[in-house]
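2 protein chains.
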Amino acid sequence: MPDEPAPPPAGDHPAQHAPATPGEPLRVEVLSAVFQVRTAGADDTPTLCVLLRTPDGSTSPGAWRTLPGGDVGTEETLAQSAKRHIADDLDVAGLAHIEQLSVFSAPHRVPGTRTIASTYLGLLPSDADTRLPDGAAWVPIDGLDPVALPLAYDHGEIVDAARHRLAAKLSYTNIAFALAPEQFAMSELSEIYCAALGYTVDTTNLLRVLSRRAVVVATGTVRKTGRSGGRPPALYRFAESELRVTDEFATLRPPM
Amino acid sequence: MPDEPAPPPAGDHPAQHAPATPGEPLRVEVLSAVFQVRTAGADDTPTLCVLLRTPDGSTSPGAWRTLPGGDVGTEETLAQSAKRHIADDLDVAGLAHIEQLSVFSAPHRVPGTRTIASTYLGLLPSDADTRLPDGAAWVPIDGLDPVALPLAYDHGEIVDAARHRLAAKLSYTNIAFALAPEQFAMSELSEIYCAALGYTVDTTNLLRVLSRRAVVVATGTVRKTGRSGGRPPALYRFAESELRVTDEFATLRPPM
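Protein sequence lines, in the order shown, are assigned to chains A and B.
The opening residue of the first sequence carries number 67 in our numbering; numbering runs sequentially from there.
The opening residue of the second sequence carries number 67 in our numbering; numbering runs sequentially from there.
Derived from the structure by calculation, the hints contain no laboratory data.
A few of these clues could be false.
Since the list gives no way to pick out one identical chain from another, each pair is judged satisfied if it fits inside one copy or across any two copies.
No farther apart than 25 Å at their CA atoms in a straight line, the calculated lysine to any residue pairs in the SDA-like style are these [unchecked claim]:
| id | residue 1 | residue 2 |
| --- | --- | --- |
| 1 | K149 | E90 |
| 2 | K149 | L92 |
| 3 | K149 | Y265 |
| 4 | K149 | R180 |
| 5 | K149 | S168 |
| 6 | K290 | T269 |
| 7 | K290 | D109 |
| 8 | K149 | E223 |
| 9 | K149 | A203 |
| 10 | K290 | T270 |
| 11 | K290 | S237 |
| 12 | K149 | R93 |
| 13 | K290 | P212 |
| 14 | K290 | Y265 |
| 15 | K149 | D220 |
| 16 | K149 | A194 |
| 17 | K149 | R279 |
| 18 | K149 | T287 |
| 19 | K149 | T291 |
| 20 | K149 | T239 |
| 21 | K149 | A227 |
When you get a sec, could you build the whole thing from the sequences and use the hints?
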């Protein structure tokens with residue numbers, strides 16, 4: 067039996083890993099774009115909102131806003147760090163989904179020390195109750211305005227990347243489970259898709275596609291509405307609460 | 067017109083960004099899993115291979131192997147750094163696709179200084195000619211053996227993550243354009259899918275699905291073969307050489 071080669075001694079990194087500029091100070095921060103579809107505006111339109119905060123809890127209108135986040139601790143992974151920083155504002159148990167977005171690494175994205183941001187997308191169901199500390203707020207994404215509500219550094223680009231990722235995944239995964247309540251009428255789900263995508267989605271087509279792919283299933287119950295008139299709507303739920311690709315080529319599935 | 071708030075002075079980071087442990091030394095490295103489908107074995111079977119190297123160009127059989135990579139330079143992004151390190155081994159002009167994988171950040175993944183790895187998936191067409199320097203080699207992924215060919219640290223997990231990402235994207239994107247030659251018979255493309263997925267793919271079904279989705283198109287020409295007998299196979303090409311999701315729900319497309 068061949069001997070297993072001894073692992074390299076601690077601290078003895080391969081030569082190719084020697085820093086290009088030894089000792090250059092470097093920071094790694096974690097930033098999360100946390101989204102929830104919330105009613106907003108005079109007519110309570112379901113609207114995709116992002117969680118923003120002021121660094122010091124300030125509520126002054128001109129204060130810079132940042133995504134929740136901060137430095138990574140010595141004994142935690144980036145994902146643990148992301149959840150720890152979100153927990154400053156929210157009960158993270160309510161987060162139905164969190165995933166890595168890309169890393170933002172432009173050399174001077176933050177003035178001073180070189181700072182590389184590892185970013186996350188977090189999603190909350192629309193009925194999750196959130197009580198926020200001072201200086202934190204849900205802000206409609208379409209209402210982000212660099213003058214009225216200035217975002218720090220490249221945090222606006224991170225929100226854009228998160229929204230782009232969400233829209234893409236709505237098209238080939240079941241990710242909407244993380245934005246929807248446990249049970250919903252299809253018209254409600256359609257409003258959530260519309261808020262997240264930015265354009266209208268036909269409820270009948272949505273039900274047809276999501277049913278055929280076994281993404282949503284009927285609960286067999288109807289909504290008891292207080293409103294008079296009209297048939298009470300049938301209720302549905304997502305079949306799963308873990309992300310999966312709903313749409314693999316039949317030919318590319320692994321053999322049973 | 068409202069005054070635009072002044073940006074925070076350089077180096078004056080929001081309080082939440084103060085390091086958890088000020089001054090803790092931290093390294094960020096870039097590591098790339100570069101894949102190519104290559105013929106291997108006695109019967110020249112098309113096989114998914116990964117580019118591995120020894121840190122010092124050693125060709126000794128027991129030497130540790132690493133993914134190409136290293137530290138990020140002061141004035142480059144992580145993506146630029148990834149390409150720079152790959153260029154030590156390969157002509158990067160041959161890379162048909164490169165994308166970020168996830169960040170590997172377990173606190174003690176590398177002994178000594180805390181080291182966070184930002185990882186990339188790179189793909190080369192099967193007919194790209196690659197001449198490698200000493201100590202670099204294409205290794206069949208299914209032949210990776212921790213005893214015969216020990217990989218450094220968590221580099222084996224990074225290869226697994228890269229392969230998983232590739233297999234997933236083969237199912238809902240046109241990513242195979244980056245593994246295939248410019249023109250190909252469908253039986254050849256089927257072999258490439260099979261090598262990347264790890265199971266057999268039916269050529270007729272593959273052609274049907276990829277044609278219907280306008281992922282591949284016929285060139286109108288046939289292969290001039292030296293072999294006698296049999297009809298010369300029709301040639302195809304990918305319609306695009308940029309990654310796109312091939313499979314969006316019709317109902318979720320933005321309005322024209």
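Worksheet item: Against the structure shown, which of the earlier numbered hints fail to hold, in ascending order?
Response: 3, 11, 13, 14, 17, 18 and 19
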